[in-house]
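Colleague: Chains as they are written, first to last, in this note's numbering: chain X, 1 to 676; chain R, 1 to 215.
Hints are not guaranteed to be accurate.
Unchecked claim - Anything over 10 Å on all C-beta distances counts as not near chain R; from chain X, calculated: (1) I521; (2) Y576; (3) Q577; (4) G585; (5) L654.
Stated by the list, open to error - In the BS3-like style, the derived pairs of lysine-lysine whose C-alpha atoms are separated by at most 30 Å in a straight line are: (6) R/K53 x X/K662; (7) R/K159 x R/K208; (8) R/K162 x R/K152; (9) X/K662 x R/K94; (10) X/K310 x R/K53.
Unchecked claim - Taking CB as the label site, the calculated pair distances span: (11) R/N57 x X/L658: 15 to 25 Å; (12) X/I312 x R/G47: 35 to 45 Å; (13) R/K208 x X/L654: 58 to 68 Å.
Rather than coming from a laboratory, the hints here were simulated on the basis of the structure. We put the beta carbon where it would ideally sit given N, CA and C, even for glycine.
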Amino acid sequence: MARNLIKVKSGAWLDEFYAKENNLKVGDSIKFKYDTLELEEEIAGIINVPDHLYDVKDASELLPNRQKYGFVYVSSNEIPEKYIKEMVMKKAGITDENIFELAFPNFEYEKYIPYNYLMVDVKENVDVNKVKDEIEPLDSCLAIIDIEDTPSYSMYQGEIDEGKGYVGIFSGLFIFIAMLSVVTTMTRVIKRQRVQIGVLKALGFSNFKISLHYIGYGFFVSFVASICGMLLGRYFLGEVFINMEMKYFEVPNGKAILNLGCYAVAVLTVVLTSLITYFTCRKELKRSPAETLRLELPKVKKGSLNITTKGIFKKMSFASKWNFRDVVRNKIRTFTAIVGTAGSCMLVVCALGMLDSMNYFIKLQFEELYNFDYKLSLKEDITNEEIAELENIYGTNTSKTLGIEIKDENGERKSNNAFVYDAGNMVRFQNDKAQFIDISNDSGIYVTYKFAELNGYKLGDKVKWHIYGDNKYYETEIVGFNKDPQNQNMTMTKAFYNSLGLEYIPDTIYTSYDLSGSESIQNVETVQDITTLKNSITEMLSMMKTMIVIIIVVAALLGVIIIYNMGVLSYSEKQYQFSTLKVLGFSDKKIKRIFTMQNNWITILSIILGLPVGNFLTDWLFKVCIDDEYDFGVHINLITFVISAVGTFVISYLTSKLLARKIKNIDMVSSLKSNE
Amino acid sequence: MHFGGATFSVNEGEFVVILGPSGAGKSTILNLLGGMDKPSSGEIIVGGEDISKYTDNQLTNYRAENIGFIFQFYNILPTLTVLENVQIVNDIVKKPKDAREVLKEVGLLKHESKFPNQLSGGEQQRVSIARAIAKDPILLLCDEPTGALDSKTGVEVLKLLKKQCDANEGANTVIIVTHNSLIAEIADRVIRVKNGKVESNEINKSPKKIEEVEW
């Protein structure tokens, strides 16, 4: 059907993104070349095609260059008969037209128009593997590729899966820390209102009426905040993230939307905040009006602090003892402060740690494993003589990458690739301890650690596979493992490849020969410069940086809110004691030191907890969220830990310093009076 | 509280009682004398120095070195033990008295490791007195020191205050603010205040002994 539809139309259908970048419209004419055929066509339409969702020129590009590279669909009746005839003659080895006429009487050129893809839709109740078994022996079939393995599908699905992972973890963490800050804020707000609550109670307002007032406050604030959050999420953050993603994919009208989950989270936030407000004020409402009207005094349970009067506690300074006992008495408040601060520290470690790990990956891939300056991808129809010529100039470090299909014991097939290695020191390998290893065993294959892990392979196991385009299966033994950050596959030596009865014709030459000036080399399809390869990954990282900045800012903000709230709570409880100290003759400076001491302890403890948990979280994120093709370990630099620790401490210290300024303004007379 | 020409003087070593009804301005006088508050006008001369001109830092030092405070509701720190509540002054006073010695004086040495909530009201007030006298202050200011205590305990507390006044070769001054006129009977000097004004400032020619007063 599709073939007939296209056939009746003339002109070309052009990639929308390419058209936009190059200012081309319907009716314009474009010139392009296919093999030796040059065509000039009028643009009949602007199109988006799912097959080209992820559309890059070759493996050297990670990010599509829409200005230089696009796709075009042309009706088959635009292909001249002459071109097809010449193609058929070349293939048949015929040079004489008369002979061709004899060999192909009544030549219908349309039948010879080459198609290189056939899409097969398998019905749901049919075994896919059986269909593959039927198609595979056909001469015209080079390879069968599952839709999940096509670049567009796998890249897009990979991003969706990665996004889902991040959404779960980061949203969960942020909601948790945000709720902690809500709990602490509401406790602080209610505490500040205790006199009002006492007055209302004394006037005869029922607890129900008073709590309704405060629930209303929590509800209203969280309702407005949730709407603001949704709008910001949709029009600001959502746009930022979706625009980052859309740089990779050709999605028409790609924009952020609010799904059901967003509304659910918003409703949950409002409900939780209202509930938290209710429980916080209920605690205050349980007290008698007289008690509520009095200044809050720290309560000490009889005997609860006895242990702190013995042993090493005896040697503590007055300030340390006092703060230590305050911590013991306020376990929940201390715990909340530690969780909030450690959580913020952890998020900063995680955000910076992701960047470090990605930088480590770039260094590993492009400075350690790749030890060449240029990678020459050779033309498909290159002859041995031509290869020898190139090797003479650029060296004999070569490789061949095979598209293969692996069949497991259950008949399940998986697409993969095999790397046949004859590249000497130009391409290096490492084990999982980051030590260089030699790929020199000529009796089997090496597989990457993650590949082995995903498929349950051990040393000595056999892997059954065949090369696409050749139905012969090989069973090869695993003789070693190597670590590869971005390709989970198998590697074998040229000698082992030859021992399988296969002829080694390299498809790549690696060289350190200076090729900076040369534009194209005969018989070479593409010349990839290692710096360009590196840059394309670095560009991807710059997007990640935006995300990291956002995470850090939000983490710091939430951390500050929690520290501030806890500080205010702790301060309001101690205000009366501080005024006593002031009356006794303690200077403001001394009292401030006593007040900030506890916060410093909590911060230090939070940092001690936050750093390793941040490290663990980053590692876990890489394991859970990143596509199976990648094998990233966590590699966080020492400086990141230092920055996270110092940053957390400074923010916390400044917050408590800010709070400590209140001490100067304590009115000794009224503070002491309100206790009467 | 506004004082219109409230002038009075007290001599070194006197046991003074300031009497007056609620709202008369008794506590305000105490706060001004103790350097907890500053007057909007006028002078407060203590030991020859006008403390009303002091800066905040000078007032802090003044409170630390010269003043001992005793409050109606004790104002001791609930998370410190009895001993620690007294030792706390070691952080601010150059030559504090030995905390244990002072606790012995007020009869609380056996409770030194207890926390305030493990003590009775009278005992708590005695901790507060111990803390005040550990500073060895020249001026002890007491705001209704027996106000929250039963009469028997109140007598014990007054005895301690009198003892402090007599210590140091009688150079210590104790000023008690109260509405309890019975306390005035044991005072060397009685100052009566009403509506922010000093009504009278009289020397008690024959102060009674604490035991002689019918509480």
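Colleague: All the hints need checking, so say for each whether the structure fits it.
Modeller: Each hint tested on the structure:
The non-interface label for X/I521 is consistent with chain R: the shortest C-beta to C-beta separation is roughly 81 Å, beyond 10 Å. The Cβ of X/Y576 does not lie farther than 10 Å from every Cβ of chain R; its closest approach is about 8 Å, which violates its non-interface assignment. Interface exclusion of X/Q577 from chain R breaks down, the closest Cβ pair being 6 Å apart, not more than 10 Å. Consistency note on X/G585: stated as away from chain R, yet its beta-carbon is not over 10 Å from all of that chain's, at 3 Å minimum.
Against the 10 Å criterion, X/L654 stays outside the reach of chain R, whose nearest CB is about 24 Å from its own CB. For the suggested pair R/K53 and X/K662, the alpha carbons sit about 24 Å apart, so the restraint of at most 30 Å is met. Pair hint R/K159 plus R/K208 holds up; C-alpha atoms about 12 Å apart against a cutoff of 30 Å. Distance check on the hinted pair: R/K162 and R/K152 sit about 16 Å apart at the alpha-carbon level, within 30 Å; holds.
The straight-line distance between the Cα atoms of X/K662 and R/K94 is roughly 27 Å, inside the 30 Å bound, and the hint therefore holds. For the suggested pair X/K310 and R/K53, the alpha carbons sit about 45 Å apart, so the restraint of at most 30 Å is broken. The hint said 15 to 25 Å for the Cβ distance between R/N57 and X/L658, and at roughly 22 Å that hint holds. Hint check: X/I312 to R/G47, Cβ distance near 43 Å, so the stated range 35 to 45 Å holds.
For the hinted restraint 58 to 68 Å between R/K208 and X/L654, the CB-CB distance of approximately 60 Å keeps it satisfied.
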